[in-house]
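Work the whole structure out from these sequences, hints included.
Quick mapping for you: the protein sequence lines, in order, are chains P and G.
Per UniProt numbering: the first sequence = residues 1 to 303.
Per UniProt numbering: the second sequence = residues 1 to 303.
Treat the hints with care, since some could be wrong.
Copies of the same chain look alike in the list, so a pair counts if it works inside one copy or between any two.
Taking lysine to any residue and the SDA-like style, the derived pairs with C-alpha atoms no more than 20 Å apart in a straight line are [to be verified]:
(1) 108 - 296
(2) 152 - 259
(3) 19 - 70
(4) 108 - 225
(5) 108 - 86
(6) 19 - 279
(7) 152 - 260
(8) 152 - 257
(9) 19 - 238
(10) 19 - 296
(11) 19 - 52
(12) 19 - 298
(13) 64 - 88
(14) 152 - 187
These are calculated hints, taken from the structure and not from any lab test.
All values derive from a computational prediction rather than experimental measurement.
There are 2 protein chains.
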Amino acid sequence: MDAVRLVEVGARDGLQNEKLTLSPQIRVQLLQRLADAGLQTLEAGAFVSPRWVPQMAGSDEVFKALPVRPGVTWTALVPNLTGLQAAIAAGCQEVAVFAAASEAFSQKNLNCSIEQSLRQYQQVMVRARDAGIRVRGYVSCVMGCPFTGAVKPEAVAAVSAALFGMGCYEISLGDTIGTGTPAATRALLAACRQVVPVSALAGHFHDTYGMAIANIHAALEADVRVFDSSVAGLGGCPYSPGATGNVASEELVYLLDGLGVNHGVDLGALIDAGEFISAELGRPTGSRVARALLAQRGLSAVH
Amino acid sequence: MDAVRLVEVGARDGLQNEKLTLSPQIRVQLLQRLADAGLQTLEAGAFVSPRWVPQMAGSDEVFKALPVRPGVTWTALVPNLTGLQAAIAAGCQEVAVFAAASEAFSQKNLNCSIEQSLRQYQQVMVRARDAGIRVRGYVSCVMGCPFTGAVKPEAVAAVSAALFGMGCYEISLGDTIGTGTPAATRALLAACRQVVPVSALAGHFHDTYGMAIANIHAALEADVRVFDSSVAGLGGCPYSPGATGNVASEELVYLLDGLGVNHGVDLGALIDAGEFISAELGRPTGSRVARALLAQRGLSAVH
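Take a look at the structure:
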């Protein structure tokens, strides 16, 4: 098995779903530590209204403070053209847009239909191309919707094809509520790779039901080579308060090490970055790997 | 994929590794709830010195209080002939013996070599056969030893073959420190099935590094159909204090449901049993599935 690329989403998708709002300075420190650990693609902020997402306020400051690092890409989430323009003004070089595979989720989360969201992103794509900015596409609810339950692989494939067709270089398939299992993961990927090259598909798994690592392994066996993860498992699940959200980057790295797959990340430095941000949030790490290895280091118990 | 049999180890392997010692009465209540949830093979106690394992004191009372239930087997761990005789006296009908695949672990945990432990079990087997009692064999450290690191699949196969050869009806392969990943799981099973029929192999995975469900899935694909698990993830990891031990039964059931594999367990009743025992222990459940589904039920947050 060849190399895997990790997309570290802790500083955006993670922190956006934590109760505590951290300053742009702390978020920059986290991002620098994560890049020091070897991560090369890092979500660094979101250009959304701070009224809706206070945790991402000051994302422009974050981008302005982040240095240019060879081989490192800092990315931002943008919901629309206004967000894109703010991202460009802050010096951002890659952005992500997000659509849902569930109509109900699109309505509740984006306040418009899937069709309307895609139409809006076409304008974003044109403007981004003019500015020389790469765009990644997120699809949410790929194996289940918190409002309507099961989601068909064909529905996910259709949205993925639309985003890829309009120019997204990569489609990240998000199991937003973490209900997927390996069989569903395989069915999902079988459908999506018919319309998007598998090399342009990424897996974004949540560990809400403890299935993320098994699903990632199934996706690896189905040739997916890009995975999103979140240091210390940052980010809860807004649809199951108190439950787990993003899969921990530490677990992903541990799995890849066990499989002998290259990834370029230093697990010890990653765990240190996770301890830094967990202390800032005043909560224990959500990573089992971090807990086990920290206990072995003889450091203070973290539970 | 056909049906899977779960061996519920929460009331023994789980509680034995919890700080708080619970009364035999509470343990009987837990076992009854677990059997009500549909579990049919349940570890109920251990006939070991209460000086070494105070959590299992009164196992004779537990067995005397447990009713005969059609289709349900209550089992006990026995370290030697003395333990077996106590188990027989308490009316126990199935016992388990345990050997290590790592010489260092055998010395530290059993105070004798692997060879010596196996020789001792031969006497146990003879006496058990005379008494009409089935014996299961545990092998620990199958993918790693807390003292010496990596463990070769061939070493595990040798111990497994010895236990099977002396009459154990099933060999449970224990990833005691939870360091295994799916590739190692496959290599382990490839070696063990050369000397023991795969239908007589069981998987006993720990979730210390969050790999248990992925390893179980790999074992399922390698034809293993019996898995040990622990309600609410009872039982920590004595080699990484504060870290996770046994895989939660709830996660195993959730995985099997997602794969469409029969198992006969009611997930809701299982979660209720987990809540009962977690409350007795005064600690949150270790099951992510339980946390997610309890949050959806709108019950009190358990974190």
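Hints and how they fare:
In this assembly of identical chains, residue 108 and residue 296 lie within 20 Å of each other by CA distance solely across copies; the values are 18 Å between and 44 Å within a copy. Only between protomers do residue 152 and residue 259 lie at most 20 Å apart by alpha-carbon distance; the minimum there is 16 Å, versus 30 Å within a single protomer. Proximity of residue 19 and residue 70 under a CA criterion of 20 Å is satisfied in neither setting, with 33 Å inside one chain copy and 50 Å between copies. When the C-alpha separation of residue 108 and residue 225 is checked against a cutoff of 20 Å, the pair qualifies neither within a copy, at 31 Å, nor between copies, at 42 Å.
In the homo-oligomer, the alpha carbons of residue 108 and residue 86 never lie at most 20 Å apart, since the shortest distance is 24 Å inside one protomer and 62 Å across protomers. For a Cα distance limit of 20 Å, the shortest separation of residue 19 from residue 279 inside one copy, 14 Å, qualifies, whereas the shortest one across copies, 26 Å, does not. Taking CA atoms no more than 20 Å apart as the test, residue 152 paired with residue 260 passes between copies only; the shortest distance there is 17 Å, against 33 Å inside one copy. For the identical chains of this complex, residue 152 and residue 257 are inter-copy neighbours only, at 18 Å across copies versus 33 Å inside a copy, given an alpha-carbon limit of 20 Å.
For the homomeric pair residue 19 and residue 238, the shortest alpha-carbon distance inside one copy (10 Å) is at most 20 Å, but the shortest distance between copies (32 Å) is not. For a Cα distance limit of 20 Å, the shortest separation of residue 19 from residue 296 across copies, 19 Å, qualifies, whereas the shortest one inside one copy, 29 Å, does not. Proximity of residue 19 and residue 52 under a CA criterion of 20 Å is satisfied intra-copy only: 13 Å inside one chain copy versus 44 Å between copies. With identical chains, the CA atoms of residue 19 and residue 298 are at most 20 Å apart between copies only, with a shortest distance of 19 Å across copies and 29 Å within one.
For the homomeric pair residue 64 and residue 88, the shortest alpha-carbon distance inside one copy (11 Å) is at most 20 Å, but the shortest distance between copies (73 Å) is not. For the identical chains of this complex, residue 152 and residue 187 are intra-copy neighbours only, at 9 Å inside a copy versus 35 Å across copies, given an alpha-carbon limit of 20 Å.
Against the hints set out earlier in the document, violations occur for numbers 3, 4, 5.
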